[in-house]
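For the record, the sequence lines run as chains A and B. For what it's worth, this note's numbering labels the leading residue of the first sequence as 731, then goes sequentially. For what it's worth, this note's numbering labels the leading residue of the second sequence as 190, then goes sequentially.
Check before you lean on any hint, since a few could be wrong.
Subject to a maximum C-alpha distance of 20 angstroms in a straight line, what follows is the list of computed EDC-like cross-link-like pairs (lysine to aspartate or glutamate) [unchecked claim]:
1) LYS253/B <-> ASP900/A
2) LYS253/B <-> GLU223/B
3) LYS839/A <-> ASP890/A
4) LYS191/B <-> GLU252/B
5) LYS839/A <-> ASP804/A
6) LYS191/B <-> GLU223/B
7) LYS229/B <-> ASP804/A
8) LYS191/B <-> ASP239/B
9) LYS229/B <-> ASP900/A
10) LYS191/B <-> GLU266/B
11) LYS732/A <-> ASP770/A
12) LYS253/B <-> ASP770/A
Label pairs and their calculated CB-CB ranges [said to hold, decoys possible]:
13) ASP931/A <-> LEU217/B: 27 to 35 angstroms
14) ALA209/B <-> ALA897/A: 22 to 30 angstroms
15) GLY837/A <-> SER236/B: 39 to 47 angstroms
Reference excerpt, derived from the structure (chain A facing chain B, CB under 8 angstroms, subset only) [what the hints assert, rightly or not]:
16) GLU824
17) GLY830
18) ALA831
19) ALA836
20) LEU838
21) LYS839
22) ARG843
23) PRO932
No wet-lab data here; the hints were simulated from the structure. Just so it is clear, the structure is predicted and the values come from calculations on it, not from any experiment. Ideal Cβ placement from N, Cα and C applies to all residues, glycine included.
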Amino acid sequence: MKAAVVVYPGANCDRDLACALRAAGARVSMVWHKDTALPDGLDLVALPGGFSFGDYLRCGAIAARAPVMRAVADFAARGGHVLGICNGFQVLAETGLLPGALMRNAGLKFVCRTVTLEVGGESAFTRSYAPGARIRLPVAHHDGCYIAPPETLAALRDADRVAFRYAQGDNPNGSMDAIAGVLSANRRVLGMMPHPERAADPALGNTDGAALFSGPAGLALSAPC
Amino acid sequence: MKARVTVTLRPGVLDPQGAAIAQALRALGFGGVEGARQGKLIEIDLSGDDTEAARAEVGAMCEKLLANTVIETYAIEIV
């Protein structure tokens, strides 16, 4: 698998993400936010967590308008796989590649702990998990409350596009429908607030996130975009 | 010329910061506070003196960047 990790000023999970992707067998290149093109033959573009552009205006708002995002949107439109984690999810929501928005946590506090998630939503990212698996991943965010209009929530439910849900009683931010991660309509764009890259190495004490990277890596990604 | 853009959450969108503000005001004894909503004020300095053109330009700015219309609405004032 050939992957690119986009780097913005204020990104702070970009190298962790690259490590997790490499551990899953990917060849990874780092792409600067001012670049206007992505490397050729990519299978996956990954947007890291952090505080891009200082979270100014709205989380992810300025990164979503960075020059490289036009190339990322084109890549997604061609059917490429895109993964956004934490701030990367906020960026994907701001670009409109994923529905809904991420707002200040209902409890107003920055939440940094490990939560239990239920895996759903068939996709390359979730295929290495057993159906209905419950996994534990860390979250670390101030603006992770997922909101969307009722008709969007219904559409996500009906099409099984909720890739991760906080387990009952473990919703750290007040997200509607306990949504922790959503898929695009073509199931190739995933945004999620929890950090699988922080739970993908035995040295970190948790490897529940590793399968998320081996999923896309294990696909015979037949037609790179 | 200056444009003043007020960005507020759409009605019905949960505003935990506004709720905290209302609660703090009540705790200070302002018993008449029934609720509060928090938004943003953005002032933009603009060249030129065509207010209608400026309003259209700032409207485009709001749609492209200043407001996330999934959750927010905006009002423009040219001053």
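Here's how the hints hold up against the structure:
{"no.": "1", "hint": "LYS253/B <-> ASP900/A", "in the structure": "violated, 35 angstroms"}
{"no.": "2", "hint": "LYS253/B <-> GLU223/B", "in the structure": "violated, 33 angstroms"}
{"no.": "3", "hint": "LYS839/A <-> ASP890/A", "in the structure": "violated, 30 angstroms"}
{"no.": "4", "hint": "LYS191/B <-> GLU252/B", "in the structure": "holds, 18 angstroms"}
{"no.": "5", "hint": "LYS839/A <-> ASP804/A", "in the structure": "violated, 36 angstroms"}
{"no.": "6", "hint": "LYS191/B <-> GLU223/B", "in the structure": "violated, 33 angstroms"}
{"no.": "7", "hint": "LYS229/B <-> ASP804/A", "in the structure": "violated, 32 angstroms"}
{"no.": "8", "hint": "LYS191/B <-> ASP239/B", "in the structure": "holds, 11 angstroms"}
{"no.": "9", "hint": "LYS229/B <-> ASP900/A", "in the structure": "violated, 31 angstroms"}
{"no.": "10", "hint": "LYS191/B <-> GLU266/B", "in the structure": "holds, 8 angstroms"}
{"no.": "11", "hint": "LYS732/A <-> ASP770/A", "in the structure": "holds, 9 angstroms"}
{"no.": "12", "hint": "LYS253/B <-> ASP770/A", "in the structure": "violated, 29 angstroms"}
{"no.": "13", "hint": "ASP931/A <-> LEU217/B: 27 to 35 angstroms", "in the structure": "violated, 50 angstroms"}
{"no.": "14", "hint": "ALA209/B <-> ALA897/A: 22 to 30 angstroms", "in the structure": "holds, 27 angstroms"}
{"no.": "15", "hint": "GLY837/A <-> SER236/B: 39 to 47 angstroms", "in the structure": "holds, 44 angstroms"}
{"no.": "16", "hint": "GLU824", "in the structure": "holds, 7 angstroms"}
{"no.": "17", "hint": "GLY830", "in the structure": "holds, 7 angstroms"}
{"no.": "18", "hint": "ALA831", "in the structure": "holds, 5 angstroms"}
{"no.": "19", "hint": "ALA836", "in the structure": "holds, 5 angstroms"}
{"no.": "20", "hint": "LEU838", "in the structure": "holds, 5 angstroms"}
{"no.": "21", "hint": "LYS839", "in the structure": "violated, 10 angstroms"}
{"no.": "22", "hint": "ARG843", "in the structure": "violated, 19 angstroms"}
{"no.": "23", "hint": "PRO932", "in the structure": "violated, 38 angstroms"}
Hints 1, 2, 3, 5, 6, 7, 9, 12, 13, 21, 22, 23 from the earlier list are contradicted by this structure; the remaining hints agree with it.
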